[in-house]
Every structure is written in structure tokens, then in C-alpha cells.
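Line by line, the protein sequences give chains V and Y.
Residue numbering for the first sequence follows this note's numbering, starting at 274 and increasing by one per position.
Residue numbering for the second sequence follows this note's numbering, starting at 648 and increasing by one per position.
It is worth saying that the hints were derived from the structure and are not from the lab.
Where a beta carbon is used, it is the ideal one built from N, C-alpha and C, also for glycine.
Be aware that one or more of the hints could be misleading.
Per the computed footprint, the stretches of chain Y lying under chain V, defined by three or more beta-carbons under 8 Å from a beta-carbon of chain V, are [as the list claims (entries may be wrong)]: (1) 738-746; (2) 751-759; (3) 767-773.
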Amino acid sequence: MSADAAVLERLQRLEDLEEINRLFQEYRRHLDARDMHAYSQLFCEDGEWSGRTGSAVGPKQIQEMLEANLSPNPPAPGATSWHIVSNPTIELDGDSATAQVTWALIRRGEGDQPALTLLGHYDDTLAREGGRWRFKRRQAHIDIPHHPLSG
Amino acid sequence: MADESESLEARLRRLEDIESIRRLFQDYRRSLDGKDFRAYADLFAVDGEFIAGPEGSIRAKGRDDIFALVDGMRGSLLTDETGDDVHVAVNDRIDLDGDRATATSTWVYVLRGDGDVPDVAKVGRYSDVLTREDGHWKFLRREAPCDIPAV
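Isolated chain Y (complex conformation) (with noise of 0.2 Å):
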């Protein structure tokens, strides 16, 4: 029957929507600890925004504007070298709306700390809006604010 295949396509789009989200995370993570800023730019849609800092001091809209951003954050917020930073993004809670999402997830940042041993330097918050743009999903708003320390 012509419905029921229809649902299944929606209920099999719904799962697959989910999973390329839960991708999007990690690839976000990845590609921000592997210090790529130009495919971490690129995981925001054409006029995504980036915010964190306190109310939201630090925002950047738009791939150039952000990777600028981020790039800038190495040695100061983020560190120099690559595996000497690492967040760890936990707790993924995606709402599906068609093609626009809303999630909200939690990071952990820990670093190398003295005497090589991992040091849980933050913890915060991400809150998503997520938009399909030619069929990939992409941040169109990612927000980043810091709980511990409350900066």
C-alpha cells in the first residue's frame, strides 16, 4: 500500500536524520581537536553563527568569519598543539522538525595538564539549530556557553 510505504520512508529518514546529526557532533569535535579549522567552518550552513563566551561575547556568522574565529582561539583558547586539547561531547538530544532540528548536548574539555595526566579544564553546553542545506546537515546556529568554571 502507497501510505504504508510512505511511512516507512519517513520513519527509515527520521532514524537516518538523527544518526547524520549524531555525525555532525563528532565530526565537529574532530575536526576542532584535529586543529581543521576550514572543514570545522564547513560544518556550519552558509550563514551559520558560532556564539560562546560570557553572554555570548564570541560569535562569529559565516564559514570566513568563523574559521577566523577559531583560528584565533589557538593558543589562548584552545591550545597550540593538536592532542594537547580534547572535548569530549556526551548527552545528544535531537529534535527533528522536517528539515530544521534543535539539539542540545554537553562537552567536556579536557586538556594535558601538568605531568601528563588529563585535566577536566570545562564544562558546558552546546544548544543547536540544525538546517538541511543540500541534503548535509549543517549548523545554522551553534551555541557554546561554559558552565564550570562560570567564567
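Excised from the complex, chain V in its bound form (with noise of 0.2 Å):
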């Protein structure tokens, strides 16, 4: 391998892993805006979603799934959750990668102070599709309080 192309794929590699960080945000971001079309868009054609709502296969039906079980969540002085998504950690398989993340969720609670209510972690499949970085798997697991997953 040239010195170049050493140079250029050690580049590639940091761009990969801020461009599947930043599909990390983009994640919350929709879900927390509840914009589940884009929020689809960022799973592959052949996309899982998996947590304690349910499970789907591919944007369409994850986009269906999430939009029936899924409460609103109105922007403050509405109801107002906030998901808290921290502690990446990312291995990059050239156009595939796995992952871990923790994300935590804040309700308004009594007395319109902010709340802890969950705790969890994502374990994720991601591949690059079209160019970009997709879930090809996102299992969404609470861990706190304990409640696995079936299957």
C-alpha cells in the first residue's frame, strides 16, 4: 500500500466513525421529534428495529410499527421527553460495523421537575448502503428497570 493510500484509508476510517455517530443523533433526534418517516429513513431496505414497542423489518414497516405504539410527544410546555444517547463504542468492518450505546430517557415528572425513567443500550448492526451509514439491526434493551427482551 502506498504511503497515500495508507493515509487515505486511516481518513476514511475517522469520517466512518463520525458519520455513525452522527447517525446516532440523527436517531434521537427524529424519535424524540417524532418524525418516524425520517426516522425510517435511516434503517437499511432490509432494516430490524427490535425493543420492548414491538419489531419490524424495513423503513416502511418500522415507520407503521412505531407511529401505532409509540405515545406523542409534544414539545415543551408539552409533555416532553428527552432521550439521552452517550458512550459510543464502534468497530468498523469496512462497509459493515457493530455497536454499542447507552441511552437514557427524561420525562417530565411530578411537580414539572425533570425525571430518569429509563435506562438502556442499543446493540447495533450497521452497514453502508447507497454510500451511507444504515442499521442493518438496532436492538433497543431497558435495563433499568430490568425488562429483556423476548426472542
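Hints in hand, dock the two standalone chains.
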């Protein structure tokens, strides 16, 4: 490998990590805004989502399932809940990757005070599809309170 | 090839810019929680603006006014003692456009509560316009609305 090719590969690796981190934030942003169409476009054509809300395959089915099952999230001064997405660990392998990410949910609690209601993690498989990183599979686990995913 | 090296340079610059802006967000948090309000004000552009409070009622423009505003929050909107309040800054999403950028992120404000336990007191958003001034990224405008409680 020439020196230039080696530098390009290193640069590409950092860009891939950055793009995947951004994907995690796009996911959070669309989820909290309940823009489930934009959210569904973050998945591969055969991408899978599973969590307490249900499971679905492909952007269209994911959108329909979550629109049917997720409670609305009106902005402040409405109900307003926020996901916190942090602690990403990403393992790149060419055009695919795996990752684990911590998430927490803060809701408007009693007396209009913030309440940390759920804490969990995502187990992800990612793929570069059409030149963009997408979720091949995202499993949303709830760890506190303990709530194991079936299957 | 000249074209290729130019593109390499631009790609590297993009990653560096994102990293510098993330650092700016952490310097902001650190100077704010460290009650170093001069250092805090220096993170703003010369004509930078800070906006918070219900309907943007708390605002200041320019470093001296921003310093005076935040220094005046001590003992009211901020604790008097360093270490009794902490901002947790997460969920950053940055869009670069040359020497300008826009960004959104989430802030969680934690107080040392009764019995010396963490008290998640507030959750809000940052909405930023950033500018490269003398080679350094600065806040041209930072809005910090609070979502919970809905004051």
C-alpha cells in the first residue's frame, strides 16, 4: 500500500466513525421529534428494529409500527421527553460495523421536574448502503428497570 | 495529484472542525461549572450573543455583557459554590458550512441535592450558530431554552 493510500484509509476510518456517531444523533433527534418517516430512512432496506414497543423489518414497516405504538411527544410546555444518547463504542469492518450505545429517557415528572425513567443500551449492526451508513439492526434494550427482550 | 490532495486537506479540515467545536462545547461546560466566567465569555465571538429564559428574556451581547449576565446568576440561576452544580452536555449534532456552523445539543443541569445526592433539576437544549474567528471556533449565538421544568 502506498503512503497516500494508507493516509486515505486512516482518514476514511475517522470519517466513518463520525458519520456513524451522527447517525446515532439523527436517530435520537427524529425519535424525540416523532418524525418517524425521517427516522425510518435511517434503516437499511432490510433493516430491523426491535424493542419493548415491538419489532419490524424495513423502513416502511418500522415507521408504521412505531407510529401505531409510540406515545406522542409534544414539545415544551407539552409532555416532552428527551433521550440522552452517549457512550458509543463502534467497531468498523469495511462496509459494516457493530456498536453499543447507552441511552436514557428523561421525562417531565411530578411537579414539572425532570425524571430519569429508563436507562438502556442499543446493540447495533450497521452497514454502508448507497454510500451512507444505516442501521442493519438496532435492538433497544431496557436495563433499568430490568426488562429483557423476548426472542 | 493536486485535486486529490486538496480534497484530502478539506476532508481532514472537516474532521478537525467538528472536533474543535465539540471541544468548545466542553470548554463552555467546564468554564461555566468552574465559575470562570471570564473564560466562559471568551468562548463567544466579539459580537456573540447568549439567549436563555422564557421567550428569550435573559440575553446579553458581547463578552463584557455576557460576563456580567452570567456572573450575576451566581447564587440564583447558578449555585454560589463551585462543585454544587454540573451541566452535562450531550447529543451534539454539528452542521459545518465553511467558517460558519450550526449545532444542536442537549443539556442536563444537576444540583447537589438534599442529603448530598444528585438532583436532576433541569433539562434543555442548546441551539448554536458558530463562527471561526481568528482561527478559533466561537459562539456567534447560543440559545439555551429550558424544556423541563417548563418555566
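Taking the hints in turn, this is what the structure says about them:
For the region 738-746 of chain Y, the assignment as covered by chain V holds, since 3 residues bring a beta-carbon within under 8 Å of that chain's beta-carbons and 3 suffice. Judged by the Cβ-Cβ criterion of 8 Å, the region 751-759 of chain Y is covered by chain V as claimed, because 3 of its residues qualify and three suffice. Given a C-beta distance limit of less than 8 Å, the hint that chain V covers the region 767-773 of chain Y holds, as 4 residues qualify and 3 suffice.
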